[in-house]
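Novice: First to last, the sequence lines map onto chains W and Y.
Residue numbering for the first sequence follows the numbering used here, beginning at 303 and increasing consecutively.
Residue numbering for the second sequence follows the numbering used here, beginning at 7 and increasing consecutively.
Hints were generated in silico from the structure; no laboratory data involved.
Where a beta carbon is used, it is the ideal one built from N, C-alpha and C, also for glycine.
All clues stand as given, with none of them false.
List of simulated lysine-lysine pairs, DSS-like, C-alpha gap at most 25 Å: (1) W:Lys354 / Y:Lys245; (2) Y:Lys245 / W:Lys359; (3) Y:Lys90 / Y:Lys104.
Quick look at which bits of chain Y chain W covers, simulated, 3 or more residues with Cβ under 8 Å: (4) 11 to 20; (5) 53 to 61.
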Amino acid sequence: MSHPLIGITAGHSLNKHGLPIIHLLRTYVDATLVAGGVPVIIPSELAEGNWKLLYEKLDGVIFSGGADIDPERFGGETHPTVSGVDAERDKLEINLMQHMLDDDKPIFAICRGMQLLNVAAGGTLYTDIADQVGEEIKHDTSYDMPRNSLVHEVRVEEETLLAEILGTPILKVNSWHHQALKDIPPQFKITAYSPDGLVEGMELPDHPFALAVQWHPEWIQEHQPMRNLFSAFVDASRLNGKG
Amino acid sequence: MTLPLIGITSGHANNQYGQPAVQVLRTYIREVIKAGGIPLVIPSETPVTMHRELYKRLDGIILTGGDDIGIENFNGEQHPTVHKADIERDRLEISLTKIAAKGQKPFLGICRGIQTLNVALGGDLYTHIQDQHSEKKKHNYYPEYPRDLISHPVSITKGSKLFEIVGEKEIQVNSLHHQGIKTLASQLVATAYAPDGIIEAAELPEHPFGIAVQWHPEWIPEKPASQAIFNAFIAAAAK
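Just chain Y, with the same shape it has in the complex:
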């Protein structure tokens, strides 16, 4: 078994001089290395014409967390809290996700990543859970809370790949999002829920490893469930 090459999607921000930069939180890099993978960062600028070439070179993909997906991608409801969209990132991630969903290489979606997966496959999102979901519960313990703050339990569906990996019916997670899955894409199966019914994990049942979670395992890396998820993902990518 050779060490698998894991492409990690990234965001944009300006540096201290106002110059545009590609950036990704180091927590993703650390967890991939810890689990035995070789991380590399995918810049969002890469045009669609290069995505197949890129996909060929990788053994697995992490769709990372980040700002909101542009609402035009899922006919979403405008809301004052919606961040300014990063069109290049939306385009790259949605395109790569479609390729990955059809392919056999493992991919793992985290936070924005589960939303990307859902949108890429035709689902849609609450653009602000607290205003639009029936229970109006807070999921955005962000940005003024510690990233590892345990915010709520999630119940994991027995028989799912996620349950196989985590081995527990209920785990405690952090929660750093204000949007969430509204209509799940028809190809996806929901595999975990928050107490208010928000979908916390989804997977592609026919895919060797097409799994996404709404929380951030990379910020609670000492939890057995987080380690199990990264280890299973890297092990699948190494096959």
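Extracted from the complex, chain W is given alone in its bound form:
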């Protein structure tokens, strides 16, 4: 199998005529293709029996970025800035993630995806960084700036899968989130921090490949370390498919 099949989770939106659609930014698709994976999009509408069958056919899953997870899912503090909660998507992604944590197919979790990984494993989130942590670093970059703006530094912990893939201890990243990890279940290894101490990456040492980052590598593929993230994930998925 030269091209592993990569499922990518997606959100909902309305099209220009106001009709309900499934929606995924194509940067995820493009980055997966460049890394050699065949991307397909997983609709959140799938009931458990159905997504389990689909999952059997996949070699790896990307949990994509998106709107906020319902704070009720983690006993989180409600906040006026919480937006875009999609109950169908929360349900599919949390159940799928929990299923995958007990399995060995590669997981790559990006932004909301990392928050989801934490919540699915029993962790919690700050529901608004500016209010609950502070504004030393602005994590929700203004929407009039390009998505590939490198706005803050990240320090990568040594002897982690993330460090091995990125090949650099300090790097600058883009940042498009107003929520962040708060309590983290002990099975996770934190792999990266921003200068204000927020978690920017984590992984699951007891899993063949469960890697999460808070920034958006799919928007900064002009940087080799960011391409490395996708190729490491697709390579792991290819290996998994063969096994």
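Following the hints, complete the assembly by docking chain Y onto the known chain W.
Specialist: Then chain Y, alone, in the frame of chain W:
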């Protein structure tokens, strides 16, 4: 019988921030699930070199509705109403259709999908029916009409697979297209017509399930014919 995996082709649009996104209407997803299939969405970016790998993993394909096919694909007539082509989508759908037409896995074309099927197999299209077809009838009850507006009857040819599935000689359908089949590809058989003679359905006679319709059954899902089409498609994909 296991639940079949159904690949659904998709389009592109920009989101509210002007960023390029893959999108597909949820109506297709809902109907596939209702009929007992497992839908997944195929992004058009997937290059031709990956199509066989992708096809191998699927049990069936829906060629969905969408904007116009680029006229360079069928030497079509320029017309001011022709939408800007999505080259990636044209390439993916035409390539996958050719693979599916040669293969044995079921595929269902809807609206743009019947046009894709015809173009992929060498047929061509009216690029604006109301200007180019002899009867100049309106077929584009779109976008300012409800998607489930019943616009005209279609007569279904007895002896066709579509007739076997629907079980009626005439049904009422919605109509959301301004282009249509002009010359039918030689491998295809027309199986339904609108009163003005426009081809409303076509199929590959030697294929286990290679069927396409010009209307949108997913927007009139309560109609028995719509349910029959999705159910037959999913049942064939499950074999």
